[in-house]
Amino acid sequence: MHMADALLSPAVAGAMYVASGTAAGVSIAKMRKEEEQHKLPIMAVTAALVFAGQMINYTIPGTGSSGHLCGGMLLSALLGPYAGFLSMIVILAIQCLFFADGGLMALGANCWNMAFYGCFVGYFLIWRPMMKNKWFSKMGTKAAQRIKIIIASVIGCVVTLQLGAFSVVLETSLSGITELPFGAFCALMQPIHLAIGLVEGLITAAVLVFVYEARPELLREVDTSEGRGVRAKGSVKTVVIVLAVVTALVGGALSLLASSNPDGLEWALFGNKEAGYSENMGLDEEEFGIDSKVAEGAGAVQEKTSFLPDYAFANNDTAAGTTVSGIVGSLMVAGVAALVCFLGGFFKKRKRASKESGTD
Amino acid sequence: MNKAEKSLYEIREMDDLAAGDSPVHRLWPLSKFFVTIAYIITVMSFHKYDLNGLFVYVLYPVVMFQLSGVPVRTFFRKMRIVLPLVIAVGVFNPVFDRDILLYVGKVGVSGGVVSMVTLILKGVFALMASFILVATTPIDDLCAALRMIRVPAVIVSLLLLTYRYIGVLTEEVAIMTNAYHLRAPGQKGIHISAWGSFLGQLLLRSMDRANELYASMQLRGFQGNFYYREGKKARFADILFLVLMIAVFVFLRFFPLAAWIGKLVVR
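These protein sequence lines are chains A and B, in that order.
Here our numbering is used: position 156 in the first sequence is 152, and no number is missing along the way.
Add 29 to a position in the second sequence, counting from 1, and you land on the number used in our numbering.
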């Protein structure tokens, strides 16, 4: 879900920097107030752990694929939302700088999409309420805690990933980068991240339950009143099996339904015309190439676009910088670039040759 | 080599590159940082059809790659992570935007194709610029530069410490993964029965390690702040580089150089 610089306009990237920066400022202030500065080494090691943990492939039972860990929920459960958020920022910065995963200007947006939702929404709206409530208390504290941890992790990961994916769509669309209509883009992104969120949630739950068994005091807001070492019912495995059955049933029912309905993507493209996707996209019709009145249905669109080539602004220099003379000029720039490469290689070789002859 | 080993190798590779010596390496980190930001912002700001205006910007990374001696191959290997999303977003443009924008000879090129190419180029250029920054600047210098522009000390210290510990923990994950796979041949990943304990064990050990680390830091007088040695001083050349490059970027943003050069030849 890491966004590249290319997917954002400077205005949107700047706005996201301001948003994430504010959240970071609040986090730093909170940490200072609660005198949690001493946590720095623990934050660093946990952040490094989450980074390293994402290199582990977890086999998803029954499928050939594998999943990964969700950092935001794990960090906020271990460190709390403020320290967790700062740790996530650092992980994202390192991923962007050293692994080219993301972008320098997109960092603000990435922090928001992945760290803000995971840490703040995940902690305050899901983790803490879940741990505080009295559900399942009939089963004994231990079993209740385990089930609550699993539920909070799964719901937390699914919700935060959905919010994150939606933000990616929103930010890209606001930047006017893609021609993909807003609805269709959502229809592409949300279901994929629903599946990812489920798997990530289960993996995160497995890790957190293990931590709870061994050292419950490491987890935030968790009731540690009952002694450790007591094995309880309600393992991750049973939850996985139950979820797998539910998913298979729901998936089967949905696919039956879908086969009788038009394709979901198509529906998203052309079905919600009332919402005015061209407006959602911030595009005017001329740029978009499809007259929304004519685009009542898929067939009409095809008809329209197939004779649209007549409608060209081939000689419009102002609207677009791409003209024939521009292309010729670009080719010449490419030539210069190639020349620079050639010269660089030439001088390097000569330098190496002179160095070798010098040492002999 | 498993995934963790690969990423260890990548970190090491970047460290080695940054430790090199070239005119680009010797530049003041802060001016490199600002030039990179200015480059990325101008590249991002191009209109989706303005392929020619954007293309001129290829010259900056190309020249920097050559001056610094950083291998381009390393960069292209890194692009595999983030480029797929850019391409996935861009690949629909030709489908939705079919207005013919210009004719090259008799072949019409649609707006969607132009905007797709522009989008991908933007992605590559922006990545190139930040890659050059990191490949020619050691992390300590980069963090010192961040401190100079008043990025909060907590974040900078956390960045340095995390970077230090990523190497340690990733190596541990690499060893654990290898050990697991040697005992469980033919398995692609971690089996569900070990989902929790695999990382959980490492987590518990790391927590102990972190507490020991904190204790040892405190014994050496850590008060919540790192102290940095006096960073590199800016030379005249560094300031000149900064001002000149930003001026060039702004100039090229508004002056269609490619079209101008082309006109010299075409008509």
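Some clues are possibly wrong.
Stated by the list, open to error - Residues on chain A that point at chain B, a partial pick, calculated with CB under 10 Å:
id	residue
1	Ala11
2	Ala40
3	Asn53
Unchecked claim - Some residues of chain B that are not near chain A, with every Cβ distance over 12 Å (derived):
id	residue
4	Lys151
5	Arg176
6	Met177
7	Arg212
8	Arg234
9	Lys261
10	Lys262
11	Ile268
12	Leu271
13	Val272
14	Leu273
Derived from the structure by calculation, the hints contain no laboratory data.
This structure is a prediction, so every number in the text was calculated from the model and none was measured.
Just so it is clear, CB atoms sit at the ideal spot from N, CA and C, and this is done for glycine as well.
Decide, holds or violated, for the assertion that all CB atoms of chain A are farther than 12 Å from the CB of B:Arg212. For B:Arg212, whose nearest Cβ neighbour in chain A is about 15 Å away, the distance exceeds 12 Å, so it holds.
Non-interface claim for B:Leu273, where every Cβ of chain A lies beyond 12 Å: 17 Å, holds
Test the statement that B:Lys261 is away from the interface with chain A: the closest C-beta pair must be farther apart than 12 Å. 19 Å, holds
Holds or violated: is there a CB of chain B closer than 10 Å to the CB of A:Asn53? Check passed: Cβ of A:Asn53 comes within 4 Å of chain B, closer than 10 Å.
Does the no-contact call for B:Arg176 survive, Cβ to all of chain A over 12 Å? 14 Å, holds
Beyond 12 Å from chain A, beta-carbon-wise, is B:Ile268? It holds; B:Ile268 is separated from chain A by about 22 Å at its closest Cβ, greater than 12 Å.
Verdict on B:Lys151 as a residue remote from chain A, using beta-carbon distances over 12 Å: 4 Å, violated
Evaluate the condition: distance from the CB of B:Leu271 to the nearest CB of chain A exceeds 12 Å. 17 Å, holds
May I ask you to test the interface hint for A:Ala40 with respect to chain B, counting a Cβ-Cβ separation under 10 Å as satisfied? OK, holds: A:Ala40 within 10 Å of chain B, min 3 Å.
Taking the minimum C-beta separation from B:Arg234 to chain A, is that value above 12 Å? 10 Å, violated
Run the C-beta distances from B:Met177 to all of chain A and say if the shortest one exceeds 12 Å. B:Met177 clear of chain A: closest Cβ-Cβ about 17 Å, beyond 12 Å.
Against chain A, does B:Lys262 keep a CB gap of more than 12 Å to every residue? B:Lys262 clear of chain A: closest Cβ-Cβ about 24 Å, beyond 12 Å.
In this structure, the hints that do not hold are numbers 1, 4, 8, in rising order.
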